[in-house]
Amino acid sequence: MKADLSPKYVHKINESIVLWFEHSNRYVVTSKSTYPLIKLFLRVENQSNFIDSLSDSTQIEHKAAEDLYLEISNFLEDANTPLEKNHPYSPSIVIPECHTIRCYDFDGTTIKVNFQTDVIESLIHPQIEHHLTHLNSNFNIEFDIFKTGDTLQLFKNKKYLGSYSTESFHFLQGKFALELTNAIHNTQADKWIATFHASTVTNNSEAIMIVGDSGNGKSTLSALLMAHGFDVLTDDFSPLYKDMHIYRYPAAISIKKGAFHILEVYLKDFDLLKTHTNGPKKVNLKYLPPSSKFSTSKSNFPCSTIVSVKFDSTKPSELTEVSIQNILETLIPESWISPDDTHALQFLNWLENVKCYELCYRDNDFAISKFKSLFDI
Amino acid sequence: MKRNSPKDQITRKEAIKKMGKYAALTAVGTFIILNPKKAHASSPPDPGGNPFD
Chain S
7 MKADLSPKYV HKINESIVLW FEHSNRYVVT SKSTYPLIKL FLRVENQSNF IDSLSDSTQI
67 EHKAAEDLYL EISNFLEDAN TPLEKNHPYS PSIVIPECHT IRCYDFDGTT IKVNFQTDVI
127 ESLIHPQIEH HLTHLNSNFN IEFDIFKTGD TLQLFKNKKY LGSYSTESFH FLQGKFALEL
187 TNAIHNTQAD KWIATFHAST VTNNSEAIMI VGDSGNGKST LSALLMAHGF DVLTDDFSPL
247 YKDMHIYRYP AAISIKKGAF HILEVYLKDF DLLKTHTNGP KKVNLKYLPP SSKFSTSKSN
307 FPCSTIVSVK FDSTKPSELT EVSIQNILET LIPESWISPD DTHALQFLNW LENVKCYELC
367 YRDNDFAISK FKSLFDI
Chain W
44 MKRNSPKDQI TRKEAIKKMG KYAALTAVGT FIILNPKKAH ASSPPDPGGN PFD
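Residue numbers (this note's numbering), protein chains in the order written: chain S, 7 to 383; chain W, 44 to 96.
Careful, some of the hints might be misleading.
Derived EDC-like pairs: lysine to aspartate or glutamate, alpha-carbon spacing no greater than 20 Å straight-line [what the hints assert, rightly or not]:
hint, chain 1, residue 1, chain 2, residue 2
1, W, Lys-80, S, Asp-346
2, W, Lys-81, S, Glu-28
3, S, Lys-153, W, Asp-96
4, S, Lys-8, S, Glu-72
5, W, Lys-81, S, Glu-340
6, S, Lys-376, S, Glu-173
7, S, Lys-361, S, Asp-249
8, W, Lys-81, S, Asp-111
9, S, Lys-304, S, Asp-10
10, W, Lys-80, S, Glu-173
11, S, Lys-316, S, Glu-335
12, W, Lys-81, S, Glu-72
Hint data in this document are derived by calculation from the structure and do not stem from the laboratory.
Please read these numbers as outputs of a predicted model, since none were measured by experiment.
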């Protein structure tokens, strides 16, 4: 028994088998018909036992069985190899004077953020500008964000939280988003099962998560759904708590220029929102604040539906039920999932009850009507 | 090793099915390894590119 290579958890989810490897926090999706080969590999002592066992029970040729053994062996080694760690902490970092100081209010919780420069401010501020409040000394939590060389530094209450290379600034944004989520929901970082790269909408009773590769219209669709009465619980960053609910992250929805004309039709005053120009490519974005008021909206909802969306003007609009594999291929590589084994088990159990769909659309009204029907199921 | 235990045997039908799968297996078609991110992240760097460049 090659115990070291064995997955810690094996879950059958409809037609797929999902394995979780504790050493690496990696997930493997395979089929019910392939999984017995992995099981056989793990059970036998060596290659020749594997080949004998396969040739006894199948008509597989010796050479093919030999190759298969090596392939499974390499694959399991891969699945068990941890990825590299992030930047190490350097204790010599000194927090510099920051020039742009902002305070934000989230239902009575005041967050003070000290941004060293305007460019650093542009990473965080536009998404939460609608929570801006007057500067005051009665803040609950203080963040410092600054740059040393080519590294961005994040401190909370003057204590080090993380370092990120400037080209990986989205990890700083993600860490800040998690810390902000902790602050506004009064919880701790180790209580989260996952933070998904997804948007989540709710009908005030349950939530539907929207996944899709960047550029496939997650945010535009969320904004459209908001314009049609749904509550956007999260945009782009969907945290799943240990109670298996998705929690509200009240950031503005970032809308790229290509979608401005679509949303102007549905959202009053959309054209009045400030247009930001991001990065050296000078891409225009608008940040659309959520329509629901954070202080009076329910903070979390159960979610048992995931929809993978794809805007495609060349194909007919269609909503189809898809396998968990289809969803996981998009969701897992783009998300943080807790390496804690209890959390991994909770995540797998949650997946067993999730219904998965793919929405390919070119017609906005079609997409909206399908979401309405999904909430009615 | 309990290679001859009845539990370990697969039927001929299953074997044929697996032979079909094996072809896909050699192309690494039937195992998909998915790595979650090691840290929380927002969207990958936005289309505006790295603002520090």
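Do the hints match the structure? See the list:
1. Simply put, Lys-80/W and Asp-346/S have alpha-carbon atoms about 14 Å apart, close enough for the 20 Å limit, and the pair holds.
2. Under the criterion of a C-alpha separation no larger than 20 Å, the hint pairing Lys-81/W with Glu-28/S is consistent with the structure, at around 14 Å.
3. Using a Cα cut-off of 20 Å, the hinted pair Lys-153/S and Asp-96/W holds, with the two alpha carbons roughly 13 Å apart.
4. Restraint check for Lys-8/S and Glu-72/S: the C-alpha separation of about 17 Å stays at or below 20 Å, so the hint holds.
5. Between Lys-81/W and Glu-340/S the alpha-carbon distance is near 10 Å, which keeps this suggested pair within the 20 Å criterion.
6. Our distance criterion of 20 Å between C-alpha atoms is broken by Lys-376/S and Glu-173/S, whose separation comes to about 38 Å.
7. At most 20 Å may separate the alpha-carbon atoms for a hinted pair to count; Lys-361/S and Asp-249/S meet this at roughly 19 Å.
8. Distance restraint check for Lys-81/W and Asp-111/S: the Cα-Cα separation of roughly 30 Å exceeds the 20 Å cut-off, and the hinted pair is therefore not satisfied.
9. Note on Lys-304/S and Asp-10/S: the hinted pairing is violated, with a Cα-Cα distance of about 44 Å set against a maximum of 20 Å.
10. Distance restraint check for Lys-80/W and Glu-173/S: the Cα-Cα separation of roughly 16 Å lies within the 20 Å cut-off, and the hinted pair is therefore satisfied.
11. Taking the CA atoms of Lys-316/S and Glu-335/S, the gap is near 14 Å; set against the 20 Å cutoff, the hint holds.
12. Between Lys-81/W and Glu-72/S the CA atoms are separated by roughly 35 Å; this puts the pair beyond 20 Å, and the hint is violated.
Checked against the numbered hints above, the structure breaks hints 6, 8, 9 and 12 and satisfies the rest.
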